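Engineer: These are the residues of each chain, in order.
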Amino acid sequence: MELNIRLRNTKSAIFKGIIVFFAFLITVPLIVVLGYIIKQGIFQVNWHFLTSVPAPVGETGGGIINALVGSFIMVMVAAVVAIPVGMAAGIYLSENPRSKLAYYSGLCVDILQGVPSIVVGIVVYFWIVKPLGTFSSLSGSAALAIMMLPIVIRSTEQTLKMLPDSLKEAALSLGVPYHRVILKVIVPCGFAGILSGIMLSIARVIGETAPLLFTAFGNPYLSYSLTKPMESLPHLIFTYATSPYDDWHNLAWGASFILLMFVLVLNIFTKVLTRKWKVQL
Amino acid sequence: MYKKTNKFVENKRLKLSNSQLKWETIFRRILIAMSILLVIIILGVLATLIVESMPSIKSLGIGFLWGKVWDPVSNIYGAYPFLVGTLLTSFIALIISVPFSYAIAIYLGEYNPKGWLSDLLKNAIELIAAVPSIIYGFWGLFVLVPIIRTFEMKIGVAPYGIGVLTSSLILAVMIIPYAASLGITLIRMVPSPLKEAAYGLGATRFEVIRSVIMPYTRSGLFAGVLLSLGRALGETMAVTMLIGNTSAVADSIKNAIFGPGNTMASVIANEFTEADHTEYLSALIELGLVLFFVTVIINLIGKRIITRFTND
Amino acid sequence: MESTIVKAENYNSYFGDNHVVKDVNISINKNEVIAVMGPSGCGKTTFLRGINRMHELIPNATSKGKILLDGENVYDMNAIYVRSKIGMVFQRPNPFPNLSIYENVVAGYLLNGIKISKADKDVIVEKSLTSAALWKEVKDSLHKKGTFLSGGQQQRLCIARAIAMQPELILFDEPTSALDPISTSSVEALFHELKANYTLIIVTHNMQQAARVSDRTAFFYMGELVEFDDTKQMFTNPADQRTQNYITGRFS
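Heads up: the protein sequence lines correspond to chains H, U and C, in order.
For the first sequence, my numbering begins at 1 and goes up steadily by one.
For the second sequence, my numbering begins at 1001 and goes up steadily by one.
For the third sequence, my numbering begins at 2001 and goes up steadily by one.
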């Protein structure tokens, strides 16, 4: 009898050991990848790197300013569209959970969340690139905006759903019209959650390459135009990493370091911000 | 305090309320319009994919799915190599990642749900998901590939380095967070009375996990696996950089795993801009259509299971 | 000379097909304190919310009949305007958590974008908080958020917020049921002071409260207004058997 219990307890301890081992083992690839990128990339970054365009093949030096500016412009344009549209849809879904439109719209949000990013790129190619006759940063932004939407919508919806109805009632009973109740009471009270959704969606799309492959396409020169091809950080990394030139590899490492740091900082920033700005209900 | 209300103030208030009524309606209409926009986008995606792959669907028919040859120069298109590549990479990645996802879910959901160590691990998992796939691909190309190449030389297969195995390994790391975070939530949801009843009968921790928690969360954890699978199927960049981009079908299982290959996503990424004639482009789009259906269906099934689970 | 401020004529309320308030006719005078009592589900809250057109905000909620405010049917008027003219205090205190105490009091103006000078706002804040017996307790922390206030103080803040809009009529939906006894009595004391300048309609599930604070009491049962009379009269010598049963505790 005693042996049986001892055996079972040993089994339980061994199991826990296995679980802990596997759970923490996962930090190894994370640390290895992050460490390698930092090691390879951090010394590439200097003022010259950040302010010049890539050097032609054979020449050393060069920088990634075209990709930095490109990523910034495309993500900002995408955000300008995706944030209001996403928040509006999110507000609708949280305010009208039982409507038929909410059901179908919610279904489409779920579908959109699962669509592979390369498919989004294909579709935007036919919607914008072909009619315009050229690759363009506008089409790149469109693809990124489509990818941002599900994240913004779901986080807005979930944040607002958690707010008590009494908030709305109090405002309505004062003679405040519906749009002001939503915009001046409900959304501000849910600000932390909505903002974190927005920042996460930005962190997500700034690293996306596939949707930009046949929309923004890439550009070795610095461009600000919405109707011309534009380079982006992830696309530059892809092109230069898979090239046979060491100089270009170095550029890609530097770009990877910058991209990684930006994504990390954004994620940490989001966590800190939402904790600080959470409205005490 | 209250004198007869000032007529002037009253009228101003009435005018304000009247204009506010108009804006209320406009606002509600905007909200509705944005929600309809979502539906339009999805319908648009579907429509574009179908319309643009029509030429290929018409000329190749259903045989496209098991056509073994992909030769754009001779205008022969078969999706079989990419279906195999996609399924191989995804399932190998899944098999490798599931034990890790489950371990994390059990550890953070049951053994150690609170505290600094648990927060640390949780942040690490979120970080894994936050790293862009292009960076995984880049790292894989320069670090993992040489390692795999040495490994392949040791075990006596052709030392490509790149290939299905390498892509599957990277993919495995990338998809762990999806099943893991869902698993954590589900395991935390197991009602305490159930667990306490088992402990009260003298069960060990392991036995409670095995006989109470696992059965309870089984369908939910399965949904988590589906979500990881959906993510794996749609992953493009890391796979494209590591898989070798060969459109031939391997002649043996060994070569299929250790050799180069292609997935639906990677062949589209590589060849889309080179497709210079309609049949070629349309065949690629048809691959996109298949990819779309497969990932969407798997994701929706996963989500349905979750909503049914959380509503019970 | 007594004058009618609120009059319901053949007023009915529905949730979908569910007929919740049945053919209510009632006339309420200025500066009265009216208690509305009855067992759970009798329609008293639904009726109250029909007065300031909050009822219709619930999906599938409809109503028939008239409710006259100073002679005009509120259902013919602009709903937003009606709600700005009638104050409401809810069961659970609900000050806006993203606004300071000061901002909460003038929320009716702030949220509507109505521009008032700081001097005017200061006057309104002080007057309203004083009328709500809260001024002394919060005058040094006006710019803090109201989350540190006790339940009773929060409720008085909500009363101040309603008063700031200069309504003639204030509706109370079980205003003390979420409060402890001490806060409850401070709010009840307030009713007595507010009466001088406002008309109060108070829905309560607490009979004793109805008896304590009101001039007249309305008894609702299963959607009908069963009896409406002088409070003293109703509690000592009710006209209807149902009222008698309720008062004696046959059902609650």
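It is worth saying that the hints were derived from the structure and are not from the lab.
A few of these clues could be false.
Claimed, not checked - Keeping only pairs whose Cα atoms sit at most 25 Å apart, straight-line, the calculated SDA-like set for lysine to any residue is:
1) U:K1012 - C:K2118
2) U:K1015 - C:K2121
3) U:K1022 - H:L273
4) C:K2232 - C:E2188
5) U:K1012 - C:N2018
6) H:K161 - U:K1012
7) U:K1012 - C:M2207
8) H:K271 - U:D1119
9) H:K168 - U:T1025
10) H:K184 - C:K2144
What the hints assert, rightly or not - Facing chain H, from chain C, some residues (calculated, C-beta under 10 Å):
11) I2005
12) A2079
13) R2083
14) K2085
15) G2108
16) C2158
17) R2161
Note that the structure is a prediction, hence the values are computed from the model and not measured.
The beta-carbon is built from N, C-alpha and C at its ideal position, and this holds for glycine as well.
Engineer: For every hint, state whether the structure bears it out.
Structural biologist: Against the structure, the hints:
no.	hint	result
1	U:K1012 - C:K2118	holds (20 Å)
2	U:K1015 - C:K2121	holds (22 Å)
3	U:K1022 - H:L273	violated (36 Å)
4	C:K2232 - C:E2188	holds (17 Å)
5	U:K1012 - C:N2018	violated (38 Å)
6	H:K161 - U:K1012	violated (35 Å)
7	U:K1012 - C:M2207	violated (41 Å)
8	H:K271 - U:D1119	holds (12 Å)
9	H:K168 - U:T1025	holds (17 Å)
10	H:K184 - C:K2144	holds (19 Å)
11	I2005	violated (18 Å)
12	A2079	holds (9 Å)
13	R2083	holds (4 Å)
14	K2085	holds (7 Å)
15	G2108	holds (4 Å)
16	C2158	holds (7 Å)
17	R2161	holds (7 Å)
Checked against the numbered hints given earlier, this structure breaks hints 3, 5, 6, 7 and 11; the rest are met.
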